[in-house]
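Number of protein chains: 2
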Amino acid sequence: MTDPHDTEEPRQGFAEPYVIVSSDCHAGLPTEEYRPYLDARFHRDFDEFLGGRERRREEMTRLGIRNEAFADRWFSDNEEGLRGGWDPARRLKELDGDGVAAEVVFPDADAVDSRTAAPFGVGLGLSGDQDPELGMAGAQAHNRWLADFVSGNPERHCGVALLPVTGEVDRVVAEIHRAKESGLGALMIPSMWVDKAPYHDRRYDPVWAAAAACAMPVLTHSGAAPRDEYGDHLGIYVSEVTWWPARPLWFLLWSGVFERHPGLRFGVAESGCWWLPNLLWFMDRLYLGAHGGKKLSPFAELKRPPHEYLDRQIFVCATNTKRRELAQRYEIGVDNILWGSDFPHPEGTWPDTRGWLARTFHDIPVAETRRMLGLAAAEVFGFDTTKLAPLARRIGPTPADLGQDPDQRAVEASWARSREAGRHWLTGHDFPTLGVTP
Amino acid sequence: MTDPHDTEEPRQGFAEPYVIVSSDCHAGLPTEEYRPYLDARFHRDFDEFLGGRERRREEMTRLGIRNEAFADRWFSDNEEGLRGGWDPARRLKELDGDGVAAEVVFPDADAVDSRTAAPFGVGLGLSGDQDPELGMAGAQAHNRWLADFVSGNPERHCGVALLPVTGEVDRVVAEIHRAKESGLGALMIPSMWVDKAPYHDRRYDPVWAAAAACAMPVLTHSGAAPRDEYGDHLGIYVSEVTWWPARPLWFLLWSGVFERHPGLRFGVAESGCWWLPNLLWFMDRLYLGAHGGKKLSPFAELKRPPHEYLDRQIFVCATNTKRRELAQRYEIGVDNILWGSDFPHPEGTWPDTRGWLARTFHDIPVAETRRMLGLAAAEVFGFDTTKLAPLARRIGPTPADLGQDPDQRAVEASWARSREAGRHWLTGHDFPTLGVTP
Chain Y
1 MTDPHDTEEP RQGFAEPYVI VSSDCHAGLP TEEYRPYLDA RFHRDFDEFL
51 GGRERRREEM TRLGIRNEAF ADRWFSDNEE GLRGGWDPAR RLKELDGDGV
101 AAEVVFPDAD AVDSRTAAPF GVGLGLSGDQ DPELGMAGAQ AHNRWLADFV
151 SGNPERHCGV ALLPVTGEVD RVVAEIHRAK ESGLGALMIP SMWVDKAPYH
201 DRRYDPVWAA AAACAMPVLT HSGAAPRDEY GDHLGIYVSE VTWWPARPLW
251 FLLWSGVFER HPGLRFGVAE SGCWWLPNLL WFMDRLYLGA HGGKKLSPFA
301 ELKRPPHEYL DRQIFVCATN TKRRELAQRY EIGVDNILWG SDFPHPEGTW
351 PDTRGWLART FHDIPVAETR RMLGLAAAEV FGFDTTKLAP LARRIGPTPA
401 DLGQDPDQRA VEASWARSRE AGRHWLTGHD FPTLGVTP
Chain L
1 MTDPHDTEEP RQGFAEPYVI VSSDCHAGLP TEEYRPYLDA RFHRDFDEFL
51 GGRERRREEM TRLGIRNEAF ADRWFSDNEE GLRGGWDPAR RLKELDGDGV
101 AAEVVFPDAD AVDSRTAAPF GVGLGLSGDQ DPELGMAGAQ AHNRWLADFV
151 SGNPERHCGV ALLPVTGEVD RVVAEIHRAK ESGLGALMIP SMWVDKAPYH
201 DRRYDPVWAA AAACAMPVLT HSGAAPRDEY GDHLGIYVSE VTWWPARPLW
251 FLLWSGVFER HPGLRFGVAE SGCWWLPNLL WFMDRLYLGA HGGKKLSPFA
301 ELKRPPHEYL DRQIFVCATN TKRRELAQRY EIGVDNILWG SDFPHPEGTW
351 PDTRGWLART FHDIPVAETR RMLGLAAAEV FGFDTTKLAP LARRIGPTPA
401 DLGQDPDQRA VEASWARSRE AGRHWLTGHD FPTLGVTP
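Each protein sequence line maps, in turn, to chains Y and L. Under full-length UniProt numbering, read the first sequence as residues 1 to 438, first letter to last. Under full-length UniProt numbering, read the second sequence as residues 1 to 438, first letter to last.
Extracted from the complex, chain Y is given alone in its bound form:
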């Protein structure tokens, strides 16, 4: 973890606009337009898939994920901007309007009515029990289209390839290399393996090795969940839909994947980061407690405490970070929090990202804000901030635009106690210290 307070780089001036990178945006074609990207031998299956759309909509409506009245208003209010979900020129206009210089592009532009669902349900709902043939075919169709989509402005987009990782390992590894060569920069795996091998299984080692060799971060994204257990209770779904994408984190960690593959980076997208401090505290205590003078550890596959793997290899695409989460950033690690706008989803900050940033970051130190809003994401996803700087100067909000105080010494002082306690279980403090000191 780079500590922005210890950096030797000259600090950027208060007047310098932010280089904003959204670590969580979405793009996808209107579903029927995926046909030319799909191998012809799957066209009949594709017709069947299209025929099931109405039934899937009804399921979403029953659970309350889809709301008819809201959908009608959302589409009429945002008709033009929503075309940015698949129209590159329109998209740049929307990103510029939000002050976003670069973005990470996940599937499923339309989260309201699923009109841009990738073929065979391999978008955000990508699941471990997907039919292997159709799953790879659907993923490749989206990946091919996405490579085209980002090719016009590669310095501004990092396309996330869909990777049905529970399938045949050789084909999965081949798809990683194909995606990399086509210009995509990251990999999304299912949150849930369902009836397939859990992610601690050694069968996946060649996959993690290939991802590391290609410098493609591996991600999960919220969406999939065991919906058949929820009846029609939306609250149950929402209460645990962020747990399932986080779950692979501790499967990878405790099975030594991060130790065996130090070049692998793993991220959890659009699942918040409020759960991370407790998890880290819990895992660190477990590991450090087991190493207190005992010779044999049940955690022999790890060579260092969990927080070291977190800071070296794990991150969260925390999307529209909440104030409560920002208060916990010294436990999470400032550099592990990657903000995102979630464009063009309604639960995100678009089209009012500038106002939203001011309401959320106004009393956060500028140096830390720069890391969370873009610089940390640029490092994880390989964006060239030198190339983005001229654009950021044109579109990026400044600290003053976010209502931040020019007296940054006072702002940093107000957080000093919280920063000093940090991860209290490692710093000799037995309580967390959260919030500003007035």
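The reader is advised that the hints may include incorrect statements.
[What the hints assert, rightly or not] Computed footprint of chain L on chain Y, listed as stretches where at least three residues anywhere in the stretch have a Cβ under 8 Å from a Cβ of chain L: (1) 190-201; (2) 222-232; (3) 239-245; (4) 313-327.
[Stated by the list, open to error] Derived lysine-lysine pairs resembling DSSO-like cross-links, with alpha carbons at most 30 Å apart: (5) L/K303 to L/K322; (6) Y/K180 to Y/K196; (7) Y/K180 to Y/K387; (8) Y/K93 to Y/K322; (9) L/K303 to L/K196; (10) Y/K322 to L/K322; (11) Y/K196 to Y/K303; (12) Y/K303 to Y/K93; (13) Y/K196 to L/K196; (14) Y/K322 to L/K303; (15) Y/K303 to L/K322; (16) L/K180 to L/K387.
Everything labelled a hint here was simulated from the structure, so no lab data went into it. Cβ coordinates follow ideal geometry from the N, Cα and C atoms, glycine included.
For chain Y, the structure is supplied; the task is to place chain L on it using the hints.
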């Protein structure tokens, strides 16, 4: 939630010993001794079950839950005290030594080597996919023994009946009434329903109604988890074994069970309480956000925000509470945290509960300590503190024994900012404020 700072009762003096109630203890017979409590027609099945002990031990050892060297030392160091797991006289001696006036009694005295496992695996591992016949037979065997066990000193023990709730509803309801009449005071249901109906299902309404009518709190307890997904990685198990018993909480809440059964009380045992503030914040925001001026809510089965159900009907048997958790007690609700010693499990505070309490509670206000160490549990489980008071005067540690400061005004002042922010999303504070003000 009773606010101990607003109470009109005269405060107990600083010199008054604590009435300590452990909300999480364990008792169980050496497995083979359950035979006389088991219906004779299940004796052949019982022999088969006993024959599988070695295989089950090997499984536990493989996952690292069981450690041979640790087990040997534990049993030789604590041979006498561990007999308190099933010997009432020895048990009282151990409780007295720890300063514990009363206790809630879960199954499985032996967490190290499973020598006191209830028949057919219905102890802490009670699971929704248990064979219904054997499950009820095993539960009744334990419940019968437990009723005998607590009958000698009913004012000091609340026995928790095992309830295989996913079975036939009429039999489940009958067992609730039978357990109540036999002198037991609470009900443990499986954390996981596995392939049976999730707990939002209306089929369970007669069960919740019977539990409420009998004033028997319903509990889950950590233990069960989908172990077949973990390989031999203990860290994975430990990282999520507390999530599974917490999960029923949001299934019950969002499906309106607490609204339909206002007399039902539900608790989660030995799963910590560090996860509760985030969950509550998340659920409150979801509910309150959906009610912002809109006519229709997807949460129509609730009539009030989640925190009101929490304070009215939900609690945590937080066992050996961590300092980190105590720092969050104004978000959780002081009255919702029920301490426990976990006697006679090695991960608990026995036999050094007095020392452990001093290390953990020394700077917590005395009035709040009284609630968390006993008074809140007494209300939930129906202990008569008037009857316990003379005993507590003899065995209970005093605030001075816990190293607490006689200047309680200063102690309360040090927590004032944190208490004032409380559940910050309800009090107009946008950050949590945790920890003492120096």
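Whether chain L covers the segment 239-245 of chain Y (at least 3 residues having a Cβ closer than 8 Å to its Cβ atoms): With 3 residues closer than 8 Å to chain L, the segment 239-245 of chain Y meets the three-residue bar; holds.
Restraint check for L/K180 with L/K387, where alpha carbons must lie at most 30 Å apart: The hint holds at about 21 Å.
Y/K322 paired with L/K303 [C-alpha distance capped at 30 Å]: Answer holds: Y/K322 to L/K303 is near 26 Å, not above 30 Å.
Hint consistency between L/K303 and L/K196 [alpha-carbon to alpha-carbon, up to 30 Å]: holds, 28 Å
Hinted pair Y/K303 and L/K322, Cα distance within 30 Å: holds, 26 Å
Hinted pair Y/K196 and L/K196, Cα distance within 30 Å: With a Cα-Cα distance of about 21 Å, the restraint between Y/K196 and L/K196 holds, given a limit of 30 Å.
Outcome, coverage of the segment 190-201 of chain Y by chain L - at least 3 residues whose beta-carbon is closer than 8 Å to one in that chain: holds (count 3)
30 Å limit on alpha-carbon distance, applied to hinted pair Y/K196 and Y/K303: The hint holds at about 28 Å.
Straight-line alpha-carbon gap Y/K180 to Y/K387, limit 30 Å: holds, 21 Å
Distance restraint between Y/K180 and Y/K196, which requires alpha-carbon spacing of 30 Å or less: holds, 25 Å
Chain L over the segment 222-232 of chain Y, status - at least 3 residues with CB closer than 8 Å: Result for this restraint: holds, n = 3.
Holds or violated: Y/K322 to L/K322, with C-alpha atoms at most 30 Å apart: Judged against 30 Å, a Cα distance of about 26 Å means the pair holds.
The structure does not agree with the numbered hints 5 and 12 stated previously, though it agrees with the rest.
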